[in-house]
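Protein chains: 2
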Amino acid sequence: MSRMNKQILLKSRPEGEPTADNFELVETAVPTPGPGQFLVKVIYMSLDPYMRGRMSAAKSYSASAEIGQVMLGGGVGVVEQSNNDQFKAGDYVMCATGWQSYCLSDGAGVMKLDPANAPISTGVGVLGMPGLTAYYGLLKIGEPKPGETVVVAAASGAVGGVVGQIARIKGCRAVGIAGSQDKCAFVVKELGFDACINYKDPDFAAQLAAACPKGIDVYFENVGGKVFETVLPLLNDDARVPLCGLISQYNMTELPKGTNMLPALMRDMLTKRILMKGFIISYHFNLLPEFLKDVGGWIRSGQLKYREDIVEGIENAPEAFMGLLKGENFGKLLVRVADDPTRK
Amino acid sequence: MSRMNKQILLKSRPEGEPTADNFELVETAVPTPGPGQFLVKVIYMSLDPYMRGRMSAAKSYSASAEIGQVMLGGGVGVVEQSNNDQFKAGDYVMCATGWQSYCLSDGAGVMKLDPANAPISTGVGVLGMPGLTAYYGLLKIGEPKPGETVVVAAASGAVGGVVGQIARIKGCRAVGIAGSQDKCAFVVKELGFDACINYKDPDFAAQLAAACPKGIDVYFENVGGKVFETVLPLLNDDARVPLCGLISQYNMTELPKGTNMLPALMRDMLTKRILMKGFIISYHFNLLPEFLKDVGGWIRSGQLKYREDIVEGIENAPEAFMGLLKGENFGKLLVRVADDPTRK
Chain A
0 MSRMNKQILL KSRPEGEPTA DNFELVETAV PTPGPGQFLV KVIYMSLDPY MRGRMSAAKS
60 YSASAEIGQV MLGGGVGVVE QSNNDQFKAG DYVMCATGWQ SYCLSDGAGV MKLDPANAPI
120 STGVGVLGMP GLTAYYGLLK IGEPKPGETV VVAAASGAVG GVVGQIARIK GCRAVGIAGS
180 QDKCAFVVKE LGFDACINYK DPDFAAQLAA ACPKGIDVYF ENVGGKVFET VLPLLNDDAR
240 VPLCGLISQY NMTELPKGTN MLPALMRDML TKRILMKGFI ISYHFNLLPE FLKDVGGWIR
300 SGQLKYREDI VEGIENAPEA FMGLLKGENF GKLLVRVADD PTRK
Chain B
0 MSRMNKQILL KSRPEGEPTA DNFELVETAV PTPGPGQFLV KVIYMSLDPY MRGRMSAAKS
60 YSASAEIGQV MLGGGVGVVE QSNNDQFKAG DYVMCATGWQ SYCLSDGAGV MKLDPANAPI
120 STGVGVLGMP GLTAYYGLLK IGEPKPGETV VVAAASGAVG GVVGQIARIK GCRAVGIAGS
180 QDKCAFVVKE LGFDACINYK DPDFAAQLAA ACPKGIDVYF ENVGGKVFET VLPLLNDDAR
240 VPLCGLISQY NMTELPKGTN MLPALMRDML TKRILMKGFI ISYHFNLLPE FLKDVGGWIR
300 SGQLKYREDI VEGIENAPEA FMGLLKGENF GKLLVRVADD PTRK
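So the sequence lines, in the order shown, correspond to chains A and B.
Note that numbering that gives the first Met the number 0 has the first sequence beginning at 0, numbered continuously upward.
Note that numbering that gives the first Met the number 0 has the second sequence beginning at 0, numbered continuously upward.
Bound-form chain A, shown alone:
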């Protein structure tokens, strides 16, 4: 077993879609924990759309990565060596690992995981930031009421799948939007949504309208672009639009030309008394205990299901990430960096 630390660095900033040239794989010595620190061997690395923003120098909601530095991100691992009273060798943890096979931590922002409770990979998925994003955005901004219609895009993804299932648990009609017939079938048959529409179908707008006969009360926005423009006319009076991501825009290098849709949005927000609110989940970690209790319970009772899309080997992370931005993943995208000793 190699004791080198494989790391993926940001080599250059992408213009539009990231390419392989923007990343560089290097091997460095495994670091040694200093006073108060511990060493984590990374098992799963999470790949998430928000990481595109960190590759840019432009102001976004998370700090930009510097050229030549390890790509930023979260993951799940096991403590190998510790100089910290709170964490001991053998503990499973979720933390800001970065794109690498070993990392140091001082414990800040680290969450311990219990393999007996749920598979540790869920610590960066349904029981981690993506799940919390769905939970907070839907329940605290969307405030869905029984009988209302909730629509979410990227419905087979890590956030969207949880949004629709919680909507169902709360007595709502859940309608998903996804990018293939396979994904739509999974969302309806496995996740239990009432309907799921393929946005690549030429009659997407008509299908979505038919799937929402009483209009849309909550639109959980994580993609933007054409999907949002199609949803807009279907929003009901007093609709709520929690906004946590805009994956369709992340690779944009300039604003599109054509019709300026901003006046249409403003008019609809006024005449229909719509609420729209952007949010960033790292400001809402105070909700973790309530979230873990609710969502953990729904997973154990079988009311809430999830799917993982696991890529083998850290060297394949850049390609998997580029595919994620194009919607090629199917379920929560993870990279297996090392064997998971808790998985049979």
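For the record, the hints were derived by calculation from the structure and aren't laboratory data.
Any given hint could be a false lead.
Stated by the list, open to error - Taking lysine-lysine pairs in the DSS-like style, the calculated list, with each CA pair at most 25 angstroms apart, reads:
(1) A:Lys-144 to B:Lys-169
(2) A:Lys-292 to A:Lys-144
(3) A:Lys-256 to B:Lys-256
(4) A:Lys-225 to A:Lys-256
(5) A:Lys-304 to A:Lys-144
(6) B:Lys-188 to B:Lys-169
(7) B:Lys-271 to A:Lys-225
(8) B:Lys-139 to A:Lys-271
(9) B:Lys-144 to A:Lys-256
(10) A:Lys-199 to A:Lys-256
(11) B:Lys-271 to A:Lys-271
(12) B:Lys-225 to A:Lys-271
(13) B:Lys-139 to B:Lys-213
(14) A:Lys-139 to A:Lys-271
(15) B:Lys-10 to A:Lys-139
(16) A:Lys-225 to B:Lys-256
(17) B:Lys-188 to B:Lys-304
(18) A:Lys-225 to B:Lys-225
(19) A:Lys-139 to B:Lys-213
(20) B:Lys-139 to A:Lys-139
(21) A:Lys-87 to A:Lys-111
Once you've looked at the hints, dock chain B against the given chain A.
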């Protein structure tokens, strides 16, 4: 004194800007109140931007007027004849008068006015719907905190002037936007805003940025269009945007071509965690007692000032309304339909 009822009817629906041809002045018999009804002699008629929406057949937040019917709107008058126990001859009232010199009412939605408390004209201005719009939108959606910067457009108008003055009372920096140097001077010198910028100046964006050195925390939106696009980059993290009007868009017949600003708005709302909420004041009349107590008190103490722009004669209402949509009024626009016996 004529006992005929002068009425202004919607003759045809405007395409873009309304013209004189869209209105028709007629004279009909003064109506006689039926059981439970009373007759109001209109003294002041209110002209407001929202009335543009009522001239269109398109869905808006208020019911459309029908062709051949009296233009809809609110006003202030005196009860002349009554078959209603709650209202007696000589009572001053604010009600949905329509554009006419006499109207019938059954008392629904009617507010009594006390001339000893404040000039009756304020019942459709600072102490009526425009004032309540400012009060609700700023305090209940904007939630301004001391030291924050509040920006409002149409700052010399019936709503904007109140927004900025309440912002100052709440310890905020108040920055107005208006359409002439005279209006800007009035907003700063008479209403006490910290600054007011003329949006017609070629360096409007630079002036606005200079007037908001700490960015913008609350933008009270009542105009839309270019002003909004100029404000957007100045919004701070966690900014709030109450949205009650879009006067710059009301005469639009189609969406503008060029750059699609919607993705820029969505990106800023996400990365800055912005809240935007459309509202329509008629859903918030439950706030009236609190509003009348607060704003009435501020007027009596001299903390809150207002300006009226009074046009003489109902026959001049269409022209005044067309001017309002172009920003030609200066202060709350009223039409004096009959002499005001309470004004010295």
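Quiz item: Are the Cα atoms of Lys-87 of chain A and Lys-111 of chain A separated by 25 angstroms or less?
Solution: Within the cut-off at roughly 11 angstroms; holds.
Self-check item: 25 angstroms Cα cutoff - pair Lys-271 of chain B, Lys-271 of chain A
Solution: 24 angstroms, holds
Quiz prompt | Holds or violated: Lys-225 of chain A to Lys-225 of chain B, with C-alpha atoms at most 25 angstroms apart | solution = 23 angstroms, holds
Self-check item: Lys-139 of chain B paired with Lys-213 of chain B [C-alpha distance capped at 25 angstroms]
Solution: 22 angstroms, holds
Exercise. Measure nothing beyond the straight line between the CA atoms of Lys-10 of chain B and Lys-139 of chain A; if it is 25 angstroms or shorter, mark the hint as holding.
Key: Distance of about 48 angstroms is beyond 25 angstroms: violated.
Self-check item: Hint consistency between Lys-199 of chain A and Lys-256 of chain A [alpha-carbon to alpha-carbon, up to 25 angstroms]
Solution: 21 angstroms, holds
Practice problem: Would you check the hint for Lys-225 of chain A and Lys-256 of chain A, treating anything up to 25 angstroms between C-alpha atoms as holding? | Solution: 13 angstroms, holds
Self-check item: Lys-139 of chain A paired with Lys-213 of chain B [C-alpha distance capped at 25 angstroms]
Solution: 29 angstroms, violated
Exercise. With a cut-off of 25 angstroms on the C-alpha distance, tell me whether Lys-144 of chain A and Lys-169 of chain B pass.
Key: 35 angstroms, violated
Exercise. Measure nothing beyond the straight line between the CA atoms of Lys-139 of chain A and Lys-271 of chain A; if it is 25 angstroms or shorter, mark the hint as holding.
Key: 20 angstroms, holds
Quiz item: Is it true that the CA of Lys-139 of chain B sits at most 25 angstroms from the CA of Lys-139 of chain A?
Solution: Distance of about 18 angstroms is within 25 angstroms: holds.
Quiz item: Does the structure keep Lys-144 of chain B and Lys-256 of chain A at a Cα separation of 25 angstroms or less?
Solution: 38 angstroms, violated
Violated hints, listed in ascending order, are 1, 9, 15 and 19; each of the other numbered hints is respected by the structure.
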